[in-house]
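Enquirer: With the hints as a guide, dock the two chains, each given alone in a separate frame, to form the complex.
Same order as they appear, the protein sequences are chains X and L. Residue 181 in this note's numbering sits at position 181 of the first sequence, with consecutive numbering throughout. Residue 297 in this note's numbering sits at position 106 of the second sequence, with consecutive numbering throughout.
These are computed hints drawn from the structure, not numbers from a lab. Computed from a predicted structure; not experimentally measured. One should not assume that every hint holds.
[Said to hold, decoys possible] No farther apart than 25 Å at their CA atoms in a straight line, the calculated lysine to any residue pairs in the SDA-like style are these:
hint: 1; chain 1: X; residue 1: K133; chain 2: L; residue 2: A383
hint: 2; chain 1: X; residue 1: K61; chain 2: X; residue 2: V135
hint: 3; chain 1: L; residue 1: K198; chain 2: X; residue 2: R92
hint: 4; chain 1: L; residue 1: K198; chain 2: X; residue 2: D6
hint: 5; chain 1: X; residue 1: K133; chain 2: L; residue 2: A229
hint: 6; chain 1: X; residue 1: K133; chain 2: L; residue 2: P321
hint: 7; chain 1: X; residue 1: K188; chain 2: L; residue 2: G235
hint: 8; chain 1: X; residue 1: K179; chain 2: X; residue 2: V135
hint: 9; chain 1: X; residue 1: K188; chain 2: X; residue 2: T164
hint: 10; chain 1: L; residue 1: K198; chain 2: X; residue 2: T127
hint: 11; chain 1: L; residue 1: K199; chain 2: X; residue 2: E20
hint: 12; chain 1: X; residue 1: K188; chain 2: L; residue 2: D194
hint: 13; chain 1: L; residue 1: K198; chain 2: X; residue 2: E20
hint: 14; chain 1: X; residue 1: K133; chain 2: L; residue 2: G235
hint: 15; chain 1: X; residue 1: K188; chain 2: X; residue 2: T166
hint: 16; chain 1: L; residue 1: K199; chain 2: X; residue 2: A93
hint: 17; chain 1: L; residue 1: K198; chain 2: L; residue 2: E211
hint: 18; chain 1: X; residue 1: K61; chain 2: X; residue 2: A124
hint: 19; chain 1: X; residue 1: K61; chain 2: X; residue 2: D6
hint: 20; chain 1: L; residue 1: K199; chain 2: X; residue 2: T164
hint: 21; chain 1: L; residue 1: K198; chain 2: L; residue 2: S209
hint: 22; chain 1: X; residue 1: K133; chain 2: L; residue 2: R385
hint: 23; chain 1: X; residue 1: K133; chain 2: L; residue 2: G391
hint: 24; chain 1: L; residue 1: K198; chain 2: X; residue 2: A93
hint: 25; chain 1: X; residue 1: K179; chain 2: X; residue 2: A124
hint: 26; chain 1: L; residue 1: K199; chain 2: X; residue 2: G155
hint: 27; chain 1: X; residue 1: K190; chain 2: L; residue 2: H226
hint: 28; chain 1: L; residue 1: K198; chain 2: X; residue 2: G155
hint: 29; chain 1: X; residue 1: K133; chain 2: L; residue 2: R336
hint: 30; chain 1: L; residue 1: K198; chain 2: X; residue 2: K61
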Amino acid sequence: MEVLSDEELIARYRLAPSSEDSRQFIDELFRRHRTRVIGWCHRLSGNRDLAPDLAQDVFIKAYSSLHTFRQDSRFTTWLYVIARNRCHDEARARSAARREAPDAFDPVTAELNAALAALDARDARTTVQTLMKEVLNETEQRVMTLHYGLEMELGAITTALGLTNTSGAKAFIVSAKRKLNVAVRRWKMKS
Amino acid sequence: MEDEILKKALAPGPDCLSLEELGRYADGALRGEQHSAAARHIEGCLTCHAELALMQSMTSPSERGAPKRPPFLPIAAAAAVLLALVAAGSYYMLLRKAPEFPPSIPAEGDFTRSLTLGVRSPLGDQREAPHRLEWVATDRAIRYRVRLLEVDRRELWSTTTTAAAVDIPSTVQSSLTPGRTFLWEVTAYDAADRIVSESGRQSFRVLPR
Numbered sequence: 001m002e003v004l005s006d007e008e009l010i011a012r013y014r015l016a017p018s019s020e021d022s023r024q025f026i027d028e029l030f031r032r033h034r035t036r037v038i039g040w041c042h043r044l045s046g047n048r049d050l051a052p053d054l055a056q057d058v059f060i061k062a063y064s065s066l067h068t069f070r071q072d073s074r075f076t077t078w079l080y081v082i083a084r085n086r087c088h089d090e091a092r093a094r095s096a097a098r099r100e101a102p103d104a105f106d107p108v109t110a111e112l113n114a115a116l117a118a119l120d121a122r123d124a125r126t127t128v129q130t131l132m133k134e135v136l137n138e139t140e141q142r143v144m145t146l147h148y149g150l151e152m153e154l155g156a157i158t159t160a161l162g163l164t165n166t167s168g169a170k171a172f173i174v175s176a177k178r179k180l181n182v183a184v185r186r187w188k189m190k191s
Numbered sequence: 192m193e194d195e196i197l198k199k200a201l202a203p204g205p206d207c208l209s210l211e212e213l214g215r216y217a218d219g220a221l222r223g224e225q226h227s228a229a230a231r232h233i234e235g236c237l238t239c240h241a242e243l244a245l246m247q248s249m250t251s252p253s254e255r256g257a258p259k260r261p262p263f264l265p266i267a268a269a270a271a272v273l274l275a276l277v278a279a280g281s282y283y284m285l286l287r288k289a290p291e292f293p294p295s296i297p298a299e300g301d302f303t304r305s306l307t308l309g310v311r312s313p314l315g316d317q318r319e320a321p322h323r324l325e326w327v328a329t330d331r332a333i334r335y336r337v338r339l340l341e342v343d344r345r346e347l348w349s350t351t352t353t354a355a356a357v358d359i360p361s362t363v364q365s366s367l368t369p370g371r372t373f374l375w376e377v378t379a380y381d382a383a384d385r386i387v388s389e390s391g392r393q394s395f396r397v398l399p400r
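Excised from the complex, chain L in its bound form (with noise of 0.2 Å):
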């Protein structure tokens, strides 16, 4: 009975989101109240919020072990034989050959702290005031910590979230009126809870009209 009671209760239910909507979220490509209801949900579910921050953990583009992008190499005269596999209808075959196989999952305490988080906007000089902050997913971090500052470093929001991005509420926007400088910054946590990047202080300045 328990645990059919706990499957009950954080098993995917019907206003969840599926895998192909929660990567859309994580890839920021949800726009306006598609993606303010996604971050409402994923904010109250902890189905979607876990399934979210493990599809974060994988794809990030810093991800331990992601090989590196190669130079696109003529076909070699091997892989012309297996291309010719692959036309006869094999490639399942193909694929059954001596799978490379990744070095071993490092240990927790492999990971050394990485120092920057990547930030993508707002940067600089804005027309208006911005409605979102977005950065750069970080390799294991399941939740990020987001504080907007005055310049004096007065903290005017802060929110927990597992996207590599989030809306500014729009009460927090109308504070950020022009002419003003303001300042931005994230903390990237695994799943012990240590921080894993830092995005170190970021500023904006909406222009004056």
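Just chain X, same shape as in the assembly (with noise of 0.2 Å):
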């Protein structure tokens, strides 16, 4: 039998989208890509209770958005950023929902509010970025970066990056605020 690419099987399915044969080909593509899918949303929400919904969605979006698929990148890829997205949009109503235990990182968190209010005027992207990539190792970087830019949740990012120390992402959370602070301290007295 013939083995046909991701890519093949979609130009297949776009020379006949509404035949019945065609839908051979786009079944097929879900079908190869479905637990790959559900693994995605797993790592990316952190949750597996509900990754087989969130993978559902996923498919449901890449099917009425196939047409947008332009080839210039590989079909996983393309579907990994639905999934992404997905994920992303799932992470952000769970927090409106409920914020995460800010009140967990108190001690650390007062000190560290009074030195970065400091950054405030300037510019804070620059300055902090700066600082991390100084001071913080690269998972810290990592997790702090997917928890506060890319709003993950600490579960997630434990998942997503394999974490395997007891408290996870947020044990990195803690360390690199700690770095954080001494570095925004020195970073106030020098300037």
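Expert: In structure tokens:
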């Protein structure tokens, strides 16, 4: 039997998208990626129970947007972008419903608050990112960026990065904030 | 306040690449100045760097748990029933049916070190000095260390990148003179800064003019 690439399946489907035969191509395409997409949704949401439902949404979106696939990247990448956006929307909706325990970091937070407040009037983006690169290791940088910049929940970051320490991403946030706190104070003294 | 400052500092900015652009960058679909500009931005931007690394860890061809390409079989009777549902506009319902769940995400320690990182180019004889090194993205790799060497193992140039390709700076490219052989190697690192795969030493020769 002929083995077609993802892109070939899409090309054949596009020849006659409304025909019954062409459905075979799209079904094969989605069947091929089903396990992968559920895995992505698990890792991006950190929620195993939610992953199948999120994956379902991803395929519905992919099906309705297939005409926008330009073939200038891999189908897998295109599908991942849909999954990433869906999981991001889900995370935002959930964080709006409940705030993620900032109290857990209170001892460090109070001190850091005051120090970082001074950055507000400056180019916070450049300064904070520069300080992060200077004092944080790569995992800390990644965890902080995914959490604060890309709005991923800590549980999702733990799963996505495969962190196996006891408290997962949370431990990296705490250690990163401590280091950043020291760096900000040093930066303040210099300036 | 503190969280707000961090969010402001790390949220995607106006110059950041969209997910789609990052995807094209990761797949090597950007060329020339477009690619260089994207690479420069990603190198300096923690936000794009993190998003790209996340994407690459999930979509690399060797992604763990990725389904194997099966032969395209004729539709069985059960599938025909499902297709009928699709035709009736019930695709939503089709997808609702008993999703197959993947094996649980393996613990970090479950991953074994891959010995070989596949390289794409340059390999063997080259008509001109190459301007780019390309390799195959590796599962779980969040960065790659690339080294370009003389045949005596003296390092000509090295860099670190999150992409599965890197442009050779023009100053280095000009030192890749005709008639000589050069070596290059790539090492992939995961989020814990451990080596996940290595290319071993590869070689290319710039043909004499």
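Enquirer: Give a verdict on every hint.
Expert: Checked hints:
1. X:K133 with L:A383: holds (16 Å)
2. X:K61 with X:V135: violated (41 Å)
3. L:K198 with X:R92: Since the Cα atoms of L:K198 and X:R92 sit roughly 13 Å apart, the hinted pair holds (cutoff 25 Å).
4. L:K198 with X:D6: violated (37 Å)
5. X:K133 with L:A229: holds (19 Å)
6. X:K133 with L:P321: Between X:K133 and L:P321 the Cα gap is close to 31 Å, so the pair fails against 25 Å, i.e. violated.
7. X:K188 with L:G235: holds (23 Å)
8. X:K179 with X:V135: Answer holds: X:K179 to X:V135 is near 6 Å, not above 25 Å.
9. X:K188 with X:T164: Since the Cα atoms of X:K188 and X:T164 sit roughly 35 Å apart, the hinted pair is violated (cutoff 25 Å).
10. L:K198 with X:T127: Holds. L:K198 to X:T127 sits at ~13 Å (cutoff 25 Å).
11. L:K199 with X:E20: violated (50 Å)
12. X:K188 with L:D194: Between X:K188 and L:D194 the Cα gap is close to 19 Å, so the pair holds against 25 Å.
13. L:K198 with X:E20: violated (49 Å)
14. X:K133 with L:G235: holds (10 Å)
15. X:K188 with X:T166: Violated, because 34 Å separates the two Cα atoms, which is more than 25 Å.
16. L:K199 with X:A93: holds (19 Å)
17. L:K198 with L:E211: holds (22 Å)
18. X:K61 with X:A124: violated (36 Å)
19. X:K61 with X:D6: holds (17 Å)
20. L:K199 with X:T164: violated (29 Å)
21. L:K198 with L:S209: holds (18 Å)
22. X:K133 with L:R385: Roughly 19 Å between the alpha carbons, so the hint for X:K133 and L:R385 holds.
23. X:K133 with L:G391: violated (29 Å)
24. L:K198 with X:A93: holds (17 Å)
25. X:K179 with X:A124: With a Cα-Cα distance of about 17 Å, the restraint between X:K179 and X:A124 holds, given a limit of 25 Å.
26. L:K199 with X:G155: Roughly 22 Å between the alpha carbons, so the hint for L:K199 and X:G155 holds.
27. X:K190 with L:H226: Violated, at about 37 Å.
28. L:K198 with X:G155: holds (18 Å)
29. X:K133 with L:R336: OK: X:K133 and L:R336 at ~17 Å, within 25 Å.
30. L:K198 with X:K61: violated (29 Å)
The structure fails hints 2, 4, 6, 9, 11, 13, 15, 18, 20, 23, 27 and 30 (numbered hints given earlier, in ascending order).
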